[in-house]
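Asks: Listed below are the residues making up each chain.
There are 2 protein chains.
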Amino acid sequence: MDYYSQTISRLIAELGHLPGVGTKSAQRLAFHIINMPEEQVRQLADTIVTAKTQVRFCKECCTLTDSDLCPICSSDKRDHRQIMVVENSRDLAAYEKTGQYNGVYHVLQGAISPMLGIGPNDIRLKELLVRLQGDVDEVIIATNSTVEGEATAMYLSKLLKPTGIRVTRIASGVPVGGDLEYIDEVTLLKAFENRKEL
Amino acid sequence: MDYYSQTISRLIAELGHLPGVGTKSAQRLAFHIINMPEEQVRQLADTIVTAKTQVRFCKECCTLTDSDLCPICSSDKRDHRQIMVVENSRDLAAYEKTGQYNGVYHVLQGAISPMLGIGPNDIRLKELLVRLQGDVDEVIIATNSTVEGEATAMYLSKLLKPTGIRVTRIASGVPVGGDLEYIDEVTLLKAFENRKEL
Numbered sequence: 175m176d177y178y179s180q181t182i183s184r185l186i187a188e189l190g191h192l193p194g195v196g197t198k199s200a201q202r203l204a205f206h207i208i209n210m211p212e213e214q215v216r217q218l219a220d221t222i223v224t225a226k227t228q229v230r231f232c233k234e235c236c237t238l239t240d241s242d243l244c245p246i247c248s249s250d251k252r253d254h255r256q257i258m259v260v261e262n263s264r265d266l267a268a269y270e271k272t273g274q275y276n277g278v279y280h281v282l283q284g285a286i287s288p289m290l291g292i293g294p295n296d297i298r299l300k301e302l303l304v305r306l307q308g309d310v311d312e313v314i315i316a317t318n319s320t321v322e323g324e325a326t327a328m329y330l331s332k333l334l335k336p337t338g339i340r341v342t343r344i345a346s347g348v349p350v351g352g353d354l355e356y357i358d359e360v361t362l363l364k365a366f367e368n369r370k371e372l
Numbered sequence: 175m176d177y178y179s180q181t182i183s184r185l186i187a188e189l190g191h192l193p194g195v196g197t198k199s200a201q202r203l204a205f206h207i208i209n210m211p212e213e214q215v216r217q218l219a220d221t222i223v224t225a226k227t228q229v230r231f232c233k234e235c236c237t238l239t240d241s242d243l244c245p246i247c248s249s250d251k252r253d254h255r256q257i258m259v260v261e262n263s264r265d266l267a268a269y270e271k272t273g274q275y276n277g278v279y280h281v282l283q284g285a286i287s288p289m290l291g292i293g294p295n296d297i298r299l300k301e302l303l304v305r306l307q308g309d310v311d312e313v314i315i316a317t318n319s320t321v322e323g324e325a326t327a328m329y330l331s332k333l334l335k336p337t338g339i340r341v342t343r344i345a346s347g348v349p350v351g352g353d354l355e356y357i358d359e360v361t362l363l364k365a366f367e368n369r370k371e372l
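As given, the protein sequences belong to chains A and S, one line each in that order.
In this text, residue positions in the first sequence follow this note's numbering: the first is 175, and each later residue adds one.
In this text, residue positions in the second sequence follow this note's numbering: the first is 175, and each later residue adds one.
Simulated from the structure, these hints should not be mistaken for lab results.
Treat the hints with care, as some may be off.
Same chains, same label: a pair holds when it works inside one copy or across any pair of copies.
[What the hints assert, rightly or not] In silico DSS-like cross-links for lysine-lysine, where the CA-CA straight-line distance does not exceed 30 Å:
| id | residue 1 | residue 2 |
| --- | --- | --- |
| 1 | Lys-370 | Lys-233 |
| 2 | Lys-370 | Lys-332 |
| 3 | Lys-300 | Lys-271 |
| 4 | Lys-370 | Lys-271 |
| 5 | Lys-335 | Lys-370 |
| 6 | Lys-300 | Lys-233 |
| 7 | Lys-251 | Lys-198 |
| 8 | Lys-198 | Lys-271 |
| 9 | Lys-335 | Lys-233 |
| 10 | Lys-198 | Lys-364 |
| 11 | Lys-233 | Lys-364 |
| 12 | Lys-233 | Lys-271 |
| 13 | Lys-198 | Lys-233 |
| 14 | Lys-364 | Lys-332 |
| 15 | Lys-364 | Lys-335 |
Just chain A, with the same shape it has in the complex (with noise of 0.2 Å):
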């Protein structure tokens, strides 16, 4: 790249290392910030700095946070028996947008993935176990209908099994809005196999 001055071509490559940005799109988000106001560009700057220093782990729920306590863990008026284990702060962030689950979190931050090499001791298994000493109803395992995803689903509902604590998975199936035309052949199965009586 030799086709731009070497602190063009030194911001296109650092941005072209971010997920989901390409040759294409890293020059235009350099462009673009050239072209930014200074002030603007300084603050961007600065807000990257400052998530990546100030952002920790939550101590109860392991999600991504400000504080030692997330949110969510320090809100009286969630019900603290009932904890949801998703992969990352992502998919808890989706659980929150539908505004109607009122129990709390278990983020493992990550998946079993013996392919990756990611066993149970990589991800955050153990801080769960910890919370399960408590006073725990129920375990609602939400981690991705992926591979990765339903093995440690699968493991956990093992682990969990001796506890007697109430575990469930959320269901798998059609899509609400989705066309049966286009929908692969195992969801299909599942959304079979889970039917209800109507």
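The hints should help you fit chain S onto chain A, whose structure is shown.
Replies: Below, chain S alone, put in the same frame as chain A:
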């Protein structure tokens, strides 16, 4: 976005203002940045500010560069009597990638667009006219093949007519490797109009 802590929300919001970055991508980028090593994050922030503060317009061709004169304008291996006029530095890079053009450039930093209120005085036209007082053989207009690019090309060709300098426009037609079936009618007509004897 109160599903995330304040610092994370702010990072997502600021990243979301960049072009081509929607809320989902901004979330993905934000969590990627938070998971990057601190060293790399500081470097990214630093590169962003450096690019903004160090990059300026080349005194000669108005492209974005680190020094007073860009590498192309300061090279004596280039033909300074042939000037290709482009809209922005990315278009310059696109022609440089061909590796075949040996002239120099003039970067307008925009195109005339009455819709957006961008007139001839808002782009780097005056700088081009100053350069044309020197020894110039040909001006190649390589603005985009869009409404704005064509309007700019028309304006420029009329403006340059009295100077007696040879003014050319890059060809419009079917892209190499393009399948006629998938090409729009306007391009097909242009390709027909601009047909060449074999």
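Asks: All the hints need checking, so say for each whether the structure fits it.
Replies: Checked hints:
no.	hint	in the structure
1	Lys-370 to Lys-233	neither (39 Å within a copy, 73 Å between copies)
2	Lys-370 to Lys-332	within (25 Å within a copy, 74 Å between copies)
3	Lys-300 to Lys-271	within (27 Å within a copy, 53 Å between copies)
4	Lys-370 to Lys-271	within (26 Å within a copy, 60 Å between copies)
5	Lys-335 to Lys-370	within (25 Å within a copy, 78 Å between copies)
6	Lys-300 to Lys-233	within (12 Å within a copy, 61 Å between copies)
7	Lys-251 to Lys-198	between (47 Å within a copy, 28 Å between copies)
8	Lys-198 to Lys-271	between (32 Å within a copy, 13 Å between copies)
9	Lys-335 to Lys-233	within (25 Å within a copy, 73 Å between copies)
10	Lys-198 to Lys-364	between (40 Å within a copy, 27 Å between copies)
11	Lys-233 to Lys-364	neither (36 Å within a copy, 65 Å between copies)
12	Lys-233 to Lys-271	within (23 Å within a copy, 52 Å between copies)
13	Lys-198 to Lys-233	between (40 Å within a copy, 26 Å between copies)
14	Lys-364 to Lys-332	within (21 Å within a copy, 68 Å between copies)
15	Lys-364 to Lys-335	within (23 Å within a copy, 71 Å between copies)
Consistency note: the structure conflicts with the earlier hints numbered 1, 11.
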